[in-house]
Amino acid sequence: MVPTGPPARLRVDPANLGPALSESTPAKTSDRLADGLAFERPLLELQQKIQELRKLAQTTHLDLQGEVQVLEERLRHQTQEVYAGLTPWERVNVARHADRPLTTDYVEKMLDDFVELHGDRLYGDDRAILTGLAAMRGVRFLLVGHRKGKTVKERLASNFGCAHPEGYRKAMQKMRLAEKLRIPIVTLINTPGAYPGIGAEERGQAGAIARNILDMFTLRVPVLAIVIGEGGSGGALGIGVGDRVGMLENAYSSVISPEGCAAILWKSGEKTPEAAEALNLTSKDLLRLGLVDAVIPEPLGGAHRDPATTVDNVRRQILAWLDELAPLPLDQLLEQRFWKFRRMGMPIEVEA
Amino acid sequence: MAWTRFGKKKDMPGGLWIKCENCGQMLFRKEFEQRFRVCSACGYHFTLPGRERVALTADPGTFEELYKNLVAEDRLGFVDRVPYAEKLKETGKKTGESDAMIVGTCTIKGLPVVLGVMNFSFMGGSMGMVVGEKVARAIELATARKLPVVLFCCSGGARMHEGPISLMQMAKTCGALARLNEAGGVSISVMTHPTTGGVTASFASVCDVLIAEPHALIGFAGPRVIATTIKKELPKGFQRAEFLLEKGQIDKIVPRASLRDEVARLVAYATGQDPVKAFKEPWETGVPVEVAAPAESEPAPAPKKKVRAKTAE
Numbered sequence: 000m001v002p003t004g005p006p007a008r009l010r011v012d013p014a015n016l017g018p019a020l021s022e023s024t025p026a027k028t029s030d031r032l033a034d035g036l037a038f039e040r041p042l043l044e045l046q047q048k049i050q051e052l053r054k055l056a057q058t059t060h061l062d063l064q065g066e067v068q069v070l071e072e073r074l075r076h077q078t079q080e081v082y083a084g085l086t087p088w089e090r091v092n093v094a095r096h097a098d099r100p101l102t103t104d105y106v107e108k109m110l111d112d113f114v115e116l117h118g119d120r121l122y123g124d125d126r127a128i129l130t131g132l133a134a135m136r137g138v139r140f141l142l143v144g145h146r147k148g149k150t151v152k153e154r155l156a157s158n159f160g161c162a163h164p165e166g167y168r169k170a171m172q173k174m175r176l177a178e179k180l181r182i183p184i185v186t187l188i189n190t191p192g193a194y195p196g197i198g199a200e201e202r203g204q205a206g207a208i209a210r211n212i213l214d215m216f217t218l219r220v221p222v223l224a225i226v227i228g229e230g231g232s233g234g235a236l237g238i239g240v241g242d243r244v245g246m247l248e249n250a251y252s253s254v255i256s257p258e259g260c261a262a263i264l265w266k267s268g269e270k271t272p273e274a275a276e277a278l279n280l281t282s283k284d285l286l287r288l289g290l291v292d293a294v295i296p297e298p299l300g301g302a303h304r305d306p307a308t309t310v311d312n313v314r315r316q317i318l319a320w321l322d323e324l325a326p327l328p329l330d331q332l333l334e335q336r337f338w339k340f341r342r343m344g345m346p347i348e349v350e351a
Numbered sequence: 000m001a002w003t004r005f006g007k008k009k010d011m012p013g014g015l016w017i018k019c020e021n022c023g024q025m026l027f028r029k030e031f032e033q034r035f036r037v038c039s040a041c042g043y044h045f046t047l048p049g050r051e052r053v054a055l056t057a058d059p060g061t062f063e064e065l066y067k068n069l070v071a072e073d074r075l076g077f078v079d080r081v082p083y084a085e086k087l088k089e090t091g092k093k094t095g096e097s098d099a100m101i102v103g104t105c106t107i108k109g110l111p112v113v114l115g116v117m118n119f120s121f122m123g124g125s126m127g128m129v130v131g132e133k134v135a136r137a138i139e140l141a142t143a144r145k146l147p148v149v150l151f152c153c154s155g156g157a158r159m160h161e162g163p164i165s166l167m168q169m170a171k172t173c174g175a176l177a178r179l180n181e182a183g184g185v186s187i188s189v190m191t192h193p194t195t196g197g198v199t200a201s202f203a204s205v206c207d208v209l210i211a212e213p214h215a216l217i218g219f220a221g222p223r224v225i226a227t228t229i230k231k232e233l234p235k236g237f238q239r240a241e242f243l244l245e246k247g248q249i250d251k252i253v254p255r256a257s258l259r260d261e262v263a264r265l266v267a268y269a270t271g272q273d274p275v276k277a278f279k280e281p282w283e284t285g286v287p288v289e290v291a292a293p294a295e296s297e298p299a300p301a302p303k304k305k306v307r308a309k310t311a312e
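Which chain is which? The protein sequence lines are A and B, in order.
If you read the first sequence in numbering that gives the first Met the number 0, its first letter stands for residue 0, the second for the next number, and so on.
If you read the second sequence in numbering that gives the first Met the number 0, its first letter stands for residue 0, the second for the next number, and so on.
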């Protein structure tokens, strides 16, 4: 029973919304490229409508509970549907979503205490990598994570999460501290890749990453690595060698950005969605290929819709893994860490 | 017509002359190849095919290739303009190689080593599961036999066609090096033109001694990527071996003509041999060395050298 009072655009009969919402004709590739999150649009519209309806109910004291419920059910259903059917390229865009929880959110929401430690003791303090001592539910560990920043200023200061060599060296310097303190290490990976610039090359970007990868095999404490957003090639692996490696459901991990791959192999930026598909970069792909140990579920509609639940899920996984690894003798731990990566990508042997 | 031009291009490699990529000088192909593809006018080092590198480095007849039967598998069903599986077959046929890495044991001036050579002509020397596995096995063999491992790098980086599997080869190779280090083994990396991406960011940069050939392009990101990222022109000589030496990123630059000597000298230091003696053996001084192949791949190095020195006298 809709009264005559409210203006026409707010007159809500869920049945009338039907065609507009189910009109999910796939956007053209060029459109999707312009906005990789186009699939979110109908969901956002629906969300907005629910909000408007609630506001209306409040201001007019009308009972719109039924309508709201119908719409919410529809939203839930549609979100489920959209997210189940995301293409790899769309997932990359979810991983890059501006509202997706960042390392700093985990520090804020997941940890009970955090002491940030700066600097690599050699050159500088790279703000693209955050390091510090952390306490969480009675467990202490060293947290290392890529920092992307939320405001424009922060983003620029942290180079959008693209670390320089000093970032990787800082990470290793702190990891050695963790080794000395005999506390485990947890890394949160979220980087488009290591920074490609003149200074970075001058100071040995490749060498710094390689050194970290090698040295992480020698750390005599448990190491966990979790890809929370973007796992951009060497820049990710530079803090990514762990006894357990996990990935959030909508995170991606790739040897090259889909854009870069499309430019090189297809010689066309328009083929980015195809490249994303070919690269097998989703969490599901990596699990299937045996390259990660677990996929950490995200709440319905992606981490950006519900950061609190996402952070909870990550916390639970960290605690479970630390529990699992704690009783292992160190020699065995290191042996297992080596073999875990040693077995990845075994070629086939043919008769000569 | 397009096909006629193709035909001409195809004939080129058989031609008598070759043009230097650097100075434009026309070089007599036979002489050029005898000089191991170094321009006689400007000293520019061309990329050396893997097999020629083996021939230049190993004592004649001593190279025994290993792990030849390892081949890549297309686990992703990767298709860009052609399916990866097809590309592998095609490249294999064209180059006569199974992948971009050649591994084996040999002696260099009588000193036994494990040798690994990347082959740029196989998909740009890119590192996938086969390259990663062969590098790891070479390092593990060196660890087990207590031999130095010498790796000649030449690669465009990780092989995109193997997606995240190729990325993990960086970890695999570095893990093997970590264990070599723990066992007290020694590794030497020679970075040749070009060495970039995932190879530079893994085993190539963390060997004990880092050598580069003159003017070799060595870096993490390719120069074009950097130029487009920073939207600036790159400084002259950026990411070249000389630049890296100046910035303290490599131990030394060694021209191709003396690489064999220099590697042997380092191996001598690494294995407790006398580098002065090793370097001044009379049979070493002549350029075309005719050394009898040793019967076994790894008899004790010291006595063998003496025997050889005598035979040469």
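I should point out that these hints are in silico values taken from the structure, not numbers from a laboratory.
We put the CB at the ideal spot given by N, CA and C, even for glycine.
Honestly, I wouldn't trust all of these hints.
[As the list claims (entries may be wrong)] What follows is a list of derived Cβ distance ranges for each label pair:
hint, chain 1, residue 1, chain 2, residue 2, range
1, B, ARG74, A, GLN64, 47 to 55 Å
2, B, LEU233, A, ASP111, 40 to 48 Å
3, A, GLY118, B, ASP260, 24 to 32 Å
4, A, ARG219, B, MET25, 55 to 63 Å
5, B, GLU20, A, TRP338, 55 to 63 Å
6, A, ASP124, B, LYS251, 29 to 37 Å
7, B, LEU233, A, LEU121, 23 to 31 Å
8, B, LYS235, A, LEU176, 25 to 33 Å
9, A, ASP311, B, GLU241, 50 to 58 Å
10, B, ILE229, A, ASP111, 48 to 56 Å
[As the list claims (entries may be wrong)] From the structure, some residues in chain A lie toward chain B, with a derived Cβ separation under 10 Å:
hint, residue
11, VAL106
12, LEU110
13, GLY148
14, ALA205
15, VAL240
16, ALA293
17, VAL294
18, PRO328
Results for each hint:
1. ARG74/B to GLN64/A: 47 to 55 Å: 52 Å, holds
2. LEU233/B to ASP111/A: 40 to 48 Å: 47 Å, holds
3. GLY118/A to ASP260/B: 24 to 32 Å: Given a distance of about 43 Å, which is not inside 24 to 32 Å, the answer is violated.
4. ARG219/A to MET25/B: 55 to 63 Å: Cβ of ARG219/A to Cβ of MET25/B: about 60 Å, so the range 55 to 63 Å holds.
5. GLU20/B to TRP338/A: 55 to 63 Å: The hinted range 55 to 63 Å is violated for GLU20/B and TRP338/A, with Cβ atoms some 44 Å apart.
6. ASP124/A to LYS251/B: 29 to 37 Å: 32 Å, holds
7. LEU233/B to LEU121/A: 23 to 31 Å: For LEU233/B and LEU121/A the Cβ distance comes to about 24 Å; the hint holds.
8. LYS235/B to LEU176/A: 25 to 33 Å: Since the Cβ atoms of LYS235/B and LEU176/A sit about 41 Å apart, the hinted range of 25 to 33 Å is violated.
9. ASP311/A to GLU241/B: 50 to 58 Å: Given about 53 Å between the Cβ atoms, the range holds.
10. ILE229/B to ASP111/A: 48 to 56 Å: 41 Å, violated
11. VAL106: 26 Å, violated
12. LEU110: 27 Å, violated
13. GLY148: 18 Å, violated
14. ALA205: Hint holds; ALA205/A Cβ to chain B Cβ min 4 Å, cut 10 Å.
15. VAL240: 6 Å, holds
16. ALA293: Since the shortest Cβ distance to chain B is 15 Å, the answer is violated.
17. VAL294: Violated: closest Cβ of chain B sits about 14 Å from VAL294/A, beyond 10 Å.
18. PRO328: Violated, about 17 Å.
Violation of the numbered hints given earlier is confined to hints 3, 5, 8, 10, 11, 12, 13, 16, 17, 18; the remaining hints are satisfied by the structure.
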